[in-house]
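**Student:** Next come the chains, spelled out residue by residue.
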Amino acid sequence: MLKLRIERGSAPVWFRAIIPVIAVLITFILVSALVIVAGASPLSAFFELLINPLTKTTARADILMMATPILLTGIAVTVAFAAGYYNIGAEGQLYAGGIAAAWVGTQLQTESSVLMIPLMLIAGFIAGMLWALLPAILKVRLQVDEVVTTLLLNSVMLFLVSALLNGPWRDPVSGWPQSPTILAAAQFPVLIPRSRVHLGAIVAVIVALVIWWVMSRTRFGIEVRAVGKNRDAARFLGIPVGNRILMAALISGGIAGLAGVSEVGGIHYYMTSTLSSNFGYIGVIVATLGALTVPGAILSALFLALVNRGAISASRELDVPVYLGDVIQAALLLVGLATLLLNRYRIRRIR
Amino acid sequence: QDEEPLVVFAAYATPIEEPWDGVIHVALQAAADEGRIEYEYQDEIGYSGDMEIVLREVAEETAPDVIFGDAFGNEEAVRRVARDYPDIAFVFGSGLGPAQPNLSVFDNWIHEPAYLSGLIAGSVTESGIVGVVGGYPVPEVNRIVNAFIQGVTEVNEEAEVRVTFINSWFDPAAAQEAAQAQVDAGADILFAERFGVIDVAAENELWAFGNMSDQNELAPETVITGPVWDMGPTIDFVLDQVEAGSYTGLDLKDFSMMAYGGASLAPLYGFEQTLDADLLKMVREREQQITDGLFRVNIDEATPNGAVVPENTTIGG
Amino acid sequence: MDSLILLFAAMLRISTPILFASLGETLVERAGVLNLGIEGTLLLSAFSGFVAAQFTGSLWLGLVAAVLTGIALSLLMGLLTVTFGLSQHVCGLGITLLASGVALFAFRLIYGGASTPPALETSFVTLDILPGTAFAPLFSQHWLTYISLLCVPLVHWLLYRTAFGLRLRAVGEQPEAADTAGINVYKMRYLALILGGAFMGLAGAFLSLAQLGAFSHGIINGRGWVAIAIVIFGNWLPYRVLAGALLFGGVQALQLRLQAEGVPLPYELLLALPYILTIVAIAFVGRNASYPAALLKPYRRE
Amino acid sequence: MPVLEMRGITKRFGALVANDQITFDIEAGEVHALLGENGAGKSTLMKILYGLYQPDEGEIHVQGQRVSLKSPADAIAQGIGFVSQHFALIPTFTVTENVILGHEKQPILQHAAMRRQVVETAEKLRFNIDPDAIVGHLSVGQQQRVEILKALYRGCRVLILDEPTAVLTPQDTEKLFSILVELQRQGLSVVIITHKLNEVFTISQRVTVLRLGKVVGREQTANTSQTELSQMMVGRQTIPVTRNTDHHSQNEIKLNVQNLTMADRSGAPRLRGLSLNVRAQEIVGVAGVAGNGQSELVSILTGMAQPQSGSAQVSGNVMPFGNPGALSQLKVARIPEDRLKGVIGDLSVADNLMLEQVGQFTRAGHLNRKQIREYAERLIRDFHIKAAPDDPARTLSGGNIQKIILARSLAQNPEVVIAAQPTRGLDIGATEYVHQKLLEQKQRGAAVLLISEDLDEILVLSDRVLVIFEGMIVGEFAANDADIDVLGALMTGASSEKVKTHA
Ligand SMILES: Nc1ncnc2c1ncn2[C@@H]1O[C@H](COP(=O)(O)OP(=O)(O)OP(=O)(O)O)[C@@H](O)[C@H]1O
Ligand SMILES: Nc1ncnc2c1ncn2[C@@H]1O[C@H](COP(=O)(O)OP(=O)(O)OP(=O)(O)O)[C@@H](O)[C@H]1O
Ligand SMILES: [Mg+2]
Ligand SMILES: [Mg+2]
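Chains as they are written, first to last, in our numbering: chain A, 3 to 353; chain B, 19 to 335; chain C, 24 to 325; chain D, 78 to 580.
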């Protein structure tokens, strides 16, 4: 007789293609109860969330804008996790980058963006590195767990920013706790007219490509991955484990810092204590959904941006509480992650 | 109104549970209930670029007559969009000035009733220590606290006012602990800029002042009164202007002050009897002087004592 | 002297939810699961507890609801990370996102965005143990506070004096070994999650049913993350975790008093103090941190 | 009637068929040896018997009753005990905790009672063990005894040992076998997996041979011979290695080690002024009972640890300690004690082959993928590695993983070879192959230091034999006139005064 059995081994291509669809369907079923309770139709909710944004040019532009910071933090987390260094501190490192960018953008007296913007990026990268330095050193020299130190430093950074903006940096014009506005030369050019897509998007893509090249094609990259996969063996092979962990952690912090620069230079034009809406934490999600690969990170950043953009209109169009967006995003994330497992199985016919 | 209602949209950066935006939402909801406007809103838009997206989409797709909201933390975005849609009236809470042709600004200018509350606090305190618990030291909070302090010290020179900020618009548990710390330090009357403080006053059988809305029903034995903000006058004025087609960008400050009924001292309820008559008389007289424009309460937006911060050395700009 | 006692009283109050949460997280991590869903779990527990209490008029049913919520979310965490073996980091953050979303979503639906936080008629009482003595204020606490303190020796006993604890630690150290010893690794991890979830439920319930008797946004405000830190600071040892929770609560209480005294310091630095001290302390215990060896590692036989 | 019977067992891992229609049975009170090359399917079959894997087809019968073993718990309930290739102990727990784990009898732990039971069980087998010792601090042999203790404490009737002797010294092996005999006397049945034919004849009554997942033979041990068995396993005649002992005691010293001292974390001395040297064209074997400092010596000489004091030179140059990278520069080839610490399972075979010399494949930080691939293909060919360059290393069998390590280090024409337990757990074919490679290196003129707990291996390969005891070299022999008994005596510290004989 002939029976089917499920076993390990990569799934056929056609099946992988429909996995995202499966994820959406399952999520749909799971959250439709909530949507109905809120008095809306699940179908229209998902249409607003996943389809509608793609049908409007402005919304498509918004998606690029929203993907920019989470792509950067996602890449930052990817680098660190690849080294087996669990940097949950991208949030704080982002703020560090923002501070540096705002400082350069307000202090450096120049008319030339060509001079100003690169300096902001460099300063932001360095600031992010510096904020990532302490936990990295503690990890490499004292074996102090980085998850908790980076996590805690996020809170510390928020207080620091708040102290800065309530104190020496308070905007003399509005008196609101935000830095003075950065000079015109420091404001990122807008790429798509009547949209907020700014230079940061290009920066993010370039960073992503560079990191992709480094991780897959360079000695440093493979050494970092070796350390991430098996520290003892990596050490046996003569790789300076501590040094590689340190480097990966610092690069990660620097890239997260760039996300801060991009938000200050491209969105706000000043430093504020609300620079990020959890971009650092979303970076962890982007990186893991992307399976710690750069192409994966790019895709998941775009996808999360799509859902984020959809959520903005959805709550108004259907008038349901705005939090429905968060719920559906979270559900999509978890279900999506779970359905990715299907990649690893195939159904075989045996007799 | 016989002509059909105006279409009004409101964009709030915080959730509408937050008292500041709450006041705007309540007033607009009231106007909607009267049938004067069709009201839609979106809240918890946040501060990371979404405000502009929401405003543009609404302006494009529903093109309402008026858009209310708070621009704090989103000033540039709001002003950019307002510029692009001159036919829509933008009326936003803001720390900056109005912009022609179509951006009006307002704010919670309730320092006057805060000052009056201070007069009461300064008179009734026995320990001579008055406690204040606030969210963040932003101008909107500072000037209320400073006016309150002005009132306290006017009637009671040696009274000291202790101010604590919990660095959050919410977290009532932290507010409670902050208030308790004040009580432990000897404060016998509390000003509750945030929620959580009144409970502590009640537990310790002390008196407290609410803020932003009439909070007497939270603890009738405890809440004497407090500054109340009412967006009604502001909204009415704007709607009239728009209906008359005479709308322009203005600073609507006055409509949030006592003279126009935008600010007031919450009713005293039982405390009409409890409080010393002379004190009440003095407060009522001062209240009258203010509404008649005969008395000015200082507007001081510097961070008050109790949370001392270094001298305002500002960078750049 | 008095002010010192008042300080300690405040310390105990502030520590309570953090202690409950940290004890729960300790149990879960000892079994090899890092539950970053804790922040959201606290919020949804606090909310469900509040709603249940208000609609049934019984604080006790509220407490039960909060605990069940904590357990339910932990089971979800188990399904994703234990059964499916997915990344604990992401699933934890995802659950925090989900639970927070659901809580605020329901809050808006039920209470329609009222700008005065809904409150209960009554909240859990405080017990005065030493009335009339100098220590009265210190021992005038919510009964849940006393429970949280009693839970410390309880958890220690559970981990080190019972077969359950031995197995729980085993699956957190070396699941392969536990498995070959005939222990059901998945079952143990689920049990640990359930127990930990119950503690997280208590943490949420303390805030909404005891300390506040109300629910509002920001009611948790990062307390879950602090718990995560304290578990590591406490080196996964119940008594050290207690020390960590008290340290945190104490510095918070002190910070608020210094502010009220008008100490000339940017108050943000005072607020940041507990976090900085925790990091410093972790740096010191760092060297001999005794990780559950299988933390973050899903268990698979084939 | 057999106490236990497996019928038509088939187990697939994806496309690979690890067990193919295997039938296997165990009589009461017998020791049944299970033979086969790496990857033959021995462990898989036993893991199925212990409920760790589920068979795709086939039945298992205990005492004639068909049983389904969904988990080790089921197997334990059926009286089956299993000591796996990689010990299943919790290093941070005490002996007692490890033994009673999962079988605690009462919900609240009575430590005193538990200790007593453990000690009693141990005494039944006439071995003494500290019930309060932290397992992580025990020697390999002791840990194995803890494993056996676990099985017996759970009242097993059938004890499965997966390559128990691979990690044991002759002394420990003897102890183990005497324990097995004792168990047999008490009526237990034993299945023992091994690669060492002599052991099959010492201990077992019956022997089953697997090849490529199939049973290729089952005999009463008495009615068979080593050659017959090895033919069954490998499918061909095996040739014992031929060693030419023509080494020159005046060759230059390539590896020179002086006065190494080292203490473990608890401060107990592990090495006490150990010195040795190895000359060009010489294989020096270090024999010793497990836990006498071999591991420490190896980790120092492979760059993984720092001694408290002492020094070492490689062909005259100072050997920097704790710096593995520098060693490959000094042309020191290293074969680690634990081969899983020598390769990175999640990286490809090619990457593992090149990583130690990654510098050679890098231009300005950029990897030359083409060059790497060619290099990998060459080594895979030269060293008969059964894998493609892009396979993840973890998918390889133990023997092939070891070949990766050999290929990687020997391809560099080393001056010095540090070979630690180079054939641990390898089958006859692979072992032969490794021995050949080491002898080749010797012919090339390299100095080979062989640290092994397999005394036969040392005697077969070495020109000189050193005996290590409690962190010192207590004896030196020319291999030709090494006397097993004297060796054994020195290894166990029986005679402390230095025996010295010259070649
Ligand atoms: N087996 C391990 N388990 C956990 N962490 C490890 C392990 N090995 C190394 N690490 C981490 O990597 C850090 C550096 O390791 P190590 O000191 O061995 O590298 P190294 O080769 O000496 O490099 P460096 O000399 O630059 O420190 C350690 O401090 C520890 O945090
Ligand atoms: N969990 C697994 N997943 C995939 N393949 C496996 C797994 N376990 C074993 N195999 C493969 O099944 C085959 C048999 O493995 P097994 O460990 O039983 O061999 P063995 O006879 O024990 O070899 P050795 O003598 O090296 O221990 C090998 O090819 C091995 O690579
Ligand atoms: Mg095997
Ligand atoms: Mg050893």
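Rather than coming from a laboratory, the hints here were simulated on the basis of the structure.
Positions of the beta carbon are idealized from the N, C-alpha and C atoms, including for glycine.
Fair warning: there could be bad hints in the mix.
Below, a sample of chain D positions facing chain C; criterion: calculated Cβ distance under 8 Å [claimed, not checked]:
hint : residue
1    : Q140
2    : V144
3    : P149
4    : Q162
5    : E174
6    : L178
7    : G179
8    : E181
9    : P184
10   : I185
11   : A189
12   : L229
13   : R450
14   : Y452
**Student:** State for each hint whether it applies.
**Tutor:** Going down the list of hints, with the structure as the test:
no.: 1; hint: Q140; verdict: violated, 20 Å
no.: 2; hint: V144; verdict: violated, 15 Å
no.: 3; hint: P149; verdict: holds, 5 Å
no.: 4; hint: Q162; verdict: violated, 12 Å
no.: 5; hint: E174; verdict: holds, 6 Å
no.: 6; hint: L178; verdict: holds, 5 Å
no.: 7; hint: G179; verdict: holds, 4 Å
no.: 8; hint: E181; verdict: holds, 4 Å
no.: 9; hint: P184; verdict: holds, 5 Å
no.: 10; hint: I185; verdict: holds, 6 Å
no.: 11; hint: A189; verdict: violated, 13 Å
no.: 12; hint: L229; verdict: violated, 13 Å
no.: 13; hint: R450; verdict: violated, 31 Å
no.: 14; hint: Y452; verdict: violated, 33 Å
Violated hints, listed in ascending order, are 1, 2, 4, 11, 12, 13 and 14; each of the other numbered hints is respected by the structure.
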